[in-house]
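Protein chains in written order, with my numbering: chain V, 1 to 350; chain B, 351 to 666.
These are calculated hints, taken from the structure and not from any lab test. Since we're looking at a predicted model, the values are computed, not measured. Some hints could be false.
With beta-carbon atoms standing in for the labels, derived distance ranges [stated by the list, open to error]: (1) B:Glu-635 with V:Thr-107: 55 to 61 Å; (2) V:Leu-235 with B:Arg-539: 39 to 45 Å; (3) V:Arg-160 with B:Val-650: 26 to 32 Å; (4) B:Arg-388 with V:Gly-178: 53 to 59 Å; (5) B:Ala-522 with V:Leu-235: 49 to 55 Å; (6) V:Thr-33 with B:Thr-594: 46 to 52 Å; (7) B:Ala-459 with V:Ile-177: 37 to 43 Å; (8) B:Ala-459 with V:Thr-33: 42 to 48 Å; (9) V:Arg-106 with B:Ala-522: 41 to 47 Å; (10) V:Arg-106 with B:Ala-506: 47 to 53 Å; (11) B:Pro-494 with V:Leu-199: 54 to 60 Å; (12) V:Pro-116 with B:Thr-594: 33 to 39 Å; (13) B:Val-650 with V:Glu-18: 23 to 29 Å; (14) V:Leu-184 with B:Val-650: 43 to 49 Å.
The calculated DSSO-like cross-link candidates involving lysine-lysine, where the alpha carbons are at most 27 Å apart (straight line), are [said to hold, decoys possible]: (15) B:Lys-499 with V:Lys-236; (16) B:Lys-652 with V:Lys-236; (17) B:Lys-560 with B:Lys-499.
A virtual CB, placed ideally from N, CA and C, is assigned to each residue, including glycine.
Chain residues, written in single-letter form:
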Amino acid sequence: MKLLKTLQNGNLRDWGAEYWEKSSPSKRKAIATSLVAIAALAPFMGLGVLDTPISDYGAVLVYPVGMFILMALGLNIVVGKSGLLDLGYVAFFAIGAYTMAILGTRTSLNTWEIMPIGIALAMLAGLILGLPALRLRGDYLAIVTLGFGEIVRISALNTREIGGPNGIANVPTPPSIGPIEFSLNDQKAYFWVVLIMILLTIWMIRRLSVRRAGRAWEAIRQDEDVAELMGVHTLKYKLWSFSLGAAVGGAAGVLYASKTLFIAPEMFTLNVSILILACVVFGGMGNIWGVVLGAAILAYLPERIRFISDARLLVFGLALVITMNFRPDGLLPRKKREKALVNAPKESVK
Amino acid sequence: MFSTLIDQFWSLTLSGIALGFIYVLISLGYTMVYGVLRMINFANSEIFMFGTFATIIISRDFLGNVDGSKSLPLPKLILTITLCLVGSMIVSGLVSVFVEFVAYRRLRARGTNKLATLISAIGISIVLSEFMRIITNSRPTLNPRVLEKKSLFEIAGASFRIDTVMTIIFAAVLFLVLDRFVKYSRLGRAIRAVSMNEDAAKLMGVDLNKVISATFLIGGLMSGAAAFFYTLTYENTKFNVGFTLGLAAFTAAVIGGIGNIRGAFFGGLSLGLVEVYASSILGTEWKSVTVFIILVLVLVLKPNGVFGEAVQQTRA
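Looking at chain V on its own, in the form it has when it is part of the complex (with noise of 0.2 Å):
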């Protein structure tokens, strides 16, 4: 019992962040540079440990772990940095993964051309499911957003010229960089990738964060109605933080396209989205590390374990359940100081 409520309350990431605070910048850029030193290096550890039945770490590292990693930071800028519950994440994904599908199968554009067009057309995607839907509130916008994600998975399994049911095979994979080389044999060079373009997402969150859109989302997460009365545009903020979510899904899915080299309709269900605010949710909401935790816990138990890996869904769902129920915060919580609000007594606000 005793654990339980240490467990509770427990906060490493208070620990952390005043950790950070403390140290110099110079100790602060050499924790940095170490942790990504680490972190790029990791193919090469040699951490058969971490071997799967089906496959090894290596590529284990890239998908799941480091595409859920990615995606999970793109919504959490949406759920747990605006507060808005978005279940239509995975239509961003789709729209990447299409672009990168059609254009890298009929035009001669490489990934790395199709990427910055794929992030713009999925932002686009948001601006427009955006504008009537974000003026809706928390649960409509939820209902909506499911929606909008199965009108993207069913507009293309009934559009025969981007192949329906069947998808579209022979995605090219991208170009070599230099000596580094994209297979599927070796997956280091899109581990790379994966891994620059979660730091990029990093950086962005943690800039904005700090300046005028991140205090307005924070102030919409709070309280919307205040946010607004205190001159807050938040129309302008949350489609912001919508289209910047959606880039990032839009990025994800040009890199997933070009790494499995094959799409379907069926890769794009609402169960993607579900795992994806699993992720979110379960490493703790707005926090940044703990989604980071979340994901790769989340993305990495189901492939290690087999029982799990049928049940998947089933585990995502109940890791839904539990952490709302016990720890709503999630493993990492947000800073003491973002989350006063919300935990104040419901009667002081009314």
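Let chain V serve as the given structure and place chain B on it in line with the hints.
Below, chain B alone, put in the same frame as chain V:
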């Protein structure tokens, strides 16, 4: 493109009404819960799904109606229909109460924000549907035919099949009973009181937890009845059967003004008709897309639903 619609207008209308009544019953589940909690019950589609399986298990395994080719003798037919309907309602009602207990109660007691409750509800909905998927191996389950689908009579080319007629009559009766119940019974008044003002109701001695459980139970009973009629008509089910039906029923609830019982009636029927007409024009594969677009349009243009003005007074 429109020729099917014009040729078969009346028969389409009839099947639209029958489908509409199934939507009415499911959307009552959404609307009742929304009335008291101001929350979409995401697990309502799974509550419905459990009802369809309950119907099949009772009919096929308990009563042994395995051979669908020959028609049942009348007494057994009546027994089957009664037991399946009641059983399906009870199972769905119990699942609904269970959902409230597991996913909502603890969070409500602690007074957390809406997002947390929403996520918890989505979680339990996934758990329920995955549970069924694993048990059934992702395969659809067939219901051996119970009721021979004879045509009773025909008007303007629309044949009134026995299952269609039964669905319409039973669902209309159930709806009327519920409407009266919420309006006049003691519990019904308590439910309306909570939906109008939770704090005031509490001060007046209404037991909040009890009323909320009862609301979930009633919503579940209605979804269970819908599940029975659905299984009777379509004769098969699957672990994800609730997904599209649930979303359509939710759309129906929103069209009528969510939280409004009579609105659900109107919304369910109109959505049933629109969906059938639209499918005949665009093809069935675009059915759910049509429903979603209607949902978004209603939410953006008339967020309180068609009966928006009256919502405050008649809220469930």
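Earlier hints that do not hold, by number: Going through the list in order, the structure violates hints 1, 5, 7, 9, 13, 15, 17 and respects the others.
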